[in-house]
Amino acid sequence: MDGKAILDGLEKAVISGNKNDAVKYAKDALTAGVKALDAIDNGLVKGMTIVGDKYAKHEYFLPQVLLAANAMYGGLDILLPHIPKADAAKKVVGVIGVVEGDVHDIGKNIVKTMLTAAGLDMHDFGKDVPIENFVNSVKNQKANLIAMSTLMTPTMDGMKAVVDGLIENGDRMKVKIIIGGAPTSQAFADDIGADMHAINAQEAVKKVKEVL
Amino acid sequence: MAEKMTHIQRCLASLADEPVDRLTVYPIACGVSRRTIGDGTMTYKEWCSSPKNYAQGLISGQKYFDLDFTVGLMDLSVIAGDFGSHVRMDEQNTPFVDDPVIKTVEDYETLQMPDPKKGRSGVILEGTKIFAEALKNETITSGFLEGPLLSLTQSASAEKVFMDMYNNRSAVHKALGTFTDYLKEMVKGMGQAKPAACMWDYLWGSYSCLGDKEYDEFEGQHKYAGSLNEAVGKEGMALAIHNCADLPHLDAQVKQMKPAVYTMAWYPLIPGSPSASDAIGKGYADNCVLCGTIDPQGFVRWSQEKMQKVTMNLIQEVKTALCARGLKSRYTIASGCEVPPTVTTRLENIKEVSDTVKKYGQVTC
Numbered sequence: 017m018d019g020k021a022i023l024d025g026l027e028k029a030v031i032s033g034n035k036n037d038a039v040k041y042a043k044d045a046l047t048a049g050v051k052a053l054d055a056i057d058n059g060l061v062k063g064m065t066i067v068g069d070k071y072a073k074h075e076y077f078l079p080q081v082l083l084a085a086n087a088m089y090g091g092l093d094i095l096l097p098h099i100p101k102a103d104a105a106k107k108v109v110g111v112i113g114v115v116e117g118d119v120h121d122i123g124k125n126i127v128k129t130m131l132t133a134a135g136l137d138m139h140d141f142g143k144d145v146p147i148e149n150f151v152n153s154v155k156n157q158k159a160n161l162i163a164m165s166t167l168m169t170p171t172m173d174g175m176k177a178v179v180d181g182l183i184e185n186g187d188r189m190k191v192k193i194i195i196g197g198a199p200t201s202q203a204f205a206d207d208i209g210a211d212m213h214a215i216n217a218q219e220a221v222k223k224v225k226e227v228l
Numbered sequence: 351m352a353e354k355m356t357h358i359q360r361c362l363a364s365l366a367d368e369p370v371d372r373l374t375v376y377p378i379a380c381g382v383s384r385r386t387i388g389d390g391t392m393t394y395k396e397w398c399s400s401p402k403n404y405a406q407g408l409i410s411g412q413k414y415f416d417l418d419f420t421v422g423l424m425d426l427s428v429i430a431g432d433f434g435s436h437v438r439m440d441e442q443n444t445p446f447v448d449d450p451v452i453k454t455v456e457d458y459e460t461l462q463m464p465d466p467k468k469g470r471s472g473v474i475l476e477g478t479k480i481f482a483e484a485l486k487n488e489t490i491t492s493g494f495l496e497g498p499l500l501s502l503t504q505s506a507s508a509e510k511v512f513m514d515m516y517n518n519r520s521a522v523h524k525a526l527g528t529f530t531d532y533l534k535e536m537v538k539g540m541g542q543a544k545p546a547a548c549m550w551d552y553l554w555g556s557y558s559c560l561g562d563k564e565y566d567e568f569e570g571q572h573k574y575a576g577s578l579n580e581a582v583g584k585e586g587m588a589l590a591i592h593n594c595a596d597l598p599h600l601d602a603q604v605k606q607m608k609p610a611v612y613t614m615a616w617y618p619l620i621p622g623s624p625s626a627s628d629a630i631g632k633g634y635a636d637n638c639v640l641c642g643t644i645d646p647q648g649f650v651r652w653s654q655e656k657m658q659k660v661t662m663n664l665i666q667e668v669k670t671a672l673c674a675r676g677l678k679s680r681y682t683i684a685s686g687c688e689v690p691p692t693v694t695t696r697l698e699n700i701k702e703v704s705d706t707v708k709k710y711g712q713v714t715c
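Those protein sequences? They're chains V and X, same order as listed. In terms of the numbering used here, the first sequence has 161 at position 145, counting the first letter as 1, and numbering is strictly consecutive. In terms of the numbering used here, the second sequence has 660 at position 310, counting the first letter as 1, and numbering is strictly consecutive.
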């Protein structure tokens with residue numbers, strides 16, 4: 017199978033949410049000598065970008081987006097270990113998580129997927145994430161971006177605690193902060209000293225790309 | 351100044367789109383109403399664990415804020431918890447599921463229906479009976495239940511359910527059938543509690559989440575929501591629906607399900623999210639009282655002056671849209687979703703909405 021057919025296969029596997037195919041074509045790519053970064057950018061990410069566009073146009077809905085993300089991560093698991101260290105080091109590092117006291121993570125997972133597809137090296141802290149994990153992420157993960165979400169009102173103040181913690185430890189100016197989730201807004205982001213607010217994954221990618 | 355109509359007269363007139371002395375008002379103040387009891391220190395946990403406390407909060411809140419409706423919304427982890435999910439119950443935070451009962455495909459199929467009279471479902475049924483009886487001559491009362499798809503996503507995590515809609519379709523349907531059977535029992539219990547209405551939370555009917563086809567298959571169709579809506583009518587209650595999603599399936603949930611009351615939110619930053627005037631203008635209030643759309647966060651973060659201004663603007667928008675549509679009163683000035691039950695919610699902002707509608711809510715076309 018030639019390189020183009022493999023890249024097409026990766027793209028279609030993501031668009032159709034077929035993880036088995038994504039894994040198969042990722043392995044085929046390595047066997048056929050396609051560069052891992054090429055397979056990611058021109059196969060998996062190309063497919064995920066199309067999925068994101070379809071979601072924005074309400075042609076795809078959450079089930080299809082989640083299955084596509086699952087397929088993309090299946091392919092990434094095979095390909096990422098084969099990216100040369102020099103290329104990997106060039107990537108912008110982001111950490112993402114749902115703040116402490118909240119476990120609603122479906123929106124966070126979609127934002128993580130789209131930021132990964134946009135080329136960021138995303139570290140997923142998961143849900144109900146202690147404040148100090150975000151605060152220490154500049155040192156521990158070399159984060160350039162902190163992305164936080166919550167769906168619940170009482171946990172919104174955890175976002176402010178993260179910003180305050182970063183100011184206190186001297187890392188605030190080394191990182192951009194984006195927040196999201198139903199109760200949040202740009203006004204709230206301004207109030208707590210975050211850099212950006214996004215209403216959905218597409219906007220998050222757009223805003224992050226503008227500043228990083 | 352004494353008002354010309356009682357709460358019940360006004361609500362009934364609004365349901366029939368007859369002239370009213372002013373628009374109806376109902377900021378969805380449920381859990382937060384516990385703070386109107388005594389010294390205001392009752393915790394959320396104390397409120398949601400006792401039928402007496404739950405009812406007392408709602409009764410007290412109705413009087414304190416002088417509301418036209420009373421709805422028994424608790425939180426969205428009630429049914430999942432009663433089915434065996436672990437619910438994290440912090441003192442003042444809204445409880446939530448932190449360990450869902452459904453983890454495998456087999457779990458969907460082996461789900462066991464609990465006794466609806468036990469657990470927090472039992473608190474709701476018993477508490478609804480108390481507040482419905484206490485307020486039957488004061489306001490229109492409504493019980494509140496999570497819909498089957500919401501009950502399932504709380505019990506299995508939304509992400510898992512959405513992926514299994516394609517990967518393990520029959521298992522998802524089996525679980526939805528179990529929840530629907532359980533909810534039919536809950537509706538019978540509601541019928542015995544005798545609120546005037548029963549409100550479903552059908553929040554997955556959102557174009558941010560599901561398309562028409564998926565929503566119909568996994569909730570909207572007759573064997574799920576359709577049969578539950580019918581059961582509400584058979585028990586002598588009016589049908590009400592709550593959906594605080596950004597892009598609600600208004601055709602399915604208003605025009606097809608035909609509720610008497612529909613409460614909705616508005617997300618101005620989301621393209622296509624329907625505002626009050628959009629929804630009225632497109633005919634969704636022609637046969638249904640629409641309620642909304644004040645941002646619930648405003649009750650925590652806005653000054654009283656800003657809340658008054660927002661409420662006045664909404665009243666004006668609604669009046670203009672009603673008159674343009676040839677309607678008289680089929681809209682309730684309400685919050686788009688529940689007023690946050692947190693301790694930082696400003697009670698004076700809830701009262702401000704009520705007072706502003708009394709002052710400026712007269713409709714003359």
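Derived by calculation from the structure, the hints in this document are not laboratory data. Only a predicted model underlies this, so the values are computations on that prediction, with no experimental measurement involved. Where a beta carbon is used, it is the ideal one built from N, C-alpha and C, also for glycine. Honestly, I wouldn't trust all of these hints.
Straight line, CA to CA, 25 Å or less: simulated BS3-like cross-link-like pairs of lysine-lysine [what the hints assert, rightly or not]: (1) X:395 / V:143; (2) X:453 / V:28; (3) V:176 / X:656; (4) V:35 / X:563; (5) X:563 / V:70; (6) V:35 / X:656.
Quick list of the computed label-pair ranges, beta carbon to beta carbon [said to hold, decoys possible]: (7) V:97 / X:448: 55 to 65 Å; (8) X:576 / V:156: 30 to 40 Å; (9) V:105 / X:455: 32 to 42 Å; (10) X:694 / V:73: 34 to 44 Å; (11) V:226 / X:516: 50 to 60 Å; (12) X:356 / V:142: 47 to 57 Å; (13) V:102 / X:531: 36 to 46 Å; (14) V:66 / X:455: 51 to 61 Å.
Checked hints:
Taken as a hint, the residue 395 (chain X) and residue 143 (chain V) pair is honoured in the structure, with Cα atoms around 22 Å apart against an allowance of 25 Å. For the proposed pair residue 453 (chain X) and residue 28 (chain V), the alpha carbon gap of about 29 Å is over 25 Å, so the pair is violated. As the CA atoms of residue 176 (chain V) and residue 656 (chain X) are separated by approximately 23 Å, the hinted pair is consistent with the 25 Å bound. For the proposed pair residue 35 (chain V) and residue 563 (chain X), the alpha carbon gap of about 23 Å is at most 25 Å, so the pair holds.
With a C-alpha separation of about 16 Å, the suggested pair residue 563 (chain X) and residue 70 (chain V) falls inside the 25 Å cut-off, and the hint holds. In summary, the hint linking residue 35 (chain V) to residue 656 (chain X) is not supported, as the alpha carbons are separated by about 50 Å, beyond the 25 Å threshold. Checked against the hint of 55 to 65 Å, the pair residue 97 (chain V) and residue 448 (chain X) fails, with Cβ atoms roughly 33 Å apart. Judged by the Cβ atoms, the range 30 to 40 Å given for residue 576 (chain X) and residue 156 (chain V) is violated: they are separated by roughly 52 Å.
For the pair residue 105 (chain V) and residue 455 (chain X), the supplied restraint of 32 to 42 Å holds, since their beta-carbon distance comes to about 41 Å. At about 38 Å, the beta-carbon gap between residue 694 (chain X) and residue 73 (chain V) stays in the expected band of 34 to 44 Å. Restraint check, residue 226 (chain V) to residue 516 (chain X): a C-beta distance of roughly 35 Å breaks the suggested window 50 to 60 Å. Checked against the hint of 47 to 57 Å, the C-beta distance between residue 356 (chain X) and residue 142 (chain V) comes to roughly 52 Å, which is consistent with it.
Checked against the hint of 36 to 46 Å, the pair residue 102 (chain V) and residue 531 (chain X) fails, with Cβ atoms roughly 59 Å apart. Checked against the hint of 51 to 61 Å, the C-beta distance between residue 66 (chain V) and residue 455 (chain X) comes to roughly 29 Å, which is inconsistent with it.
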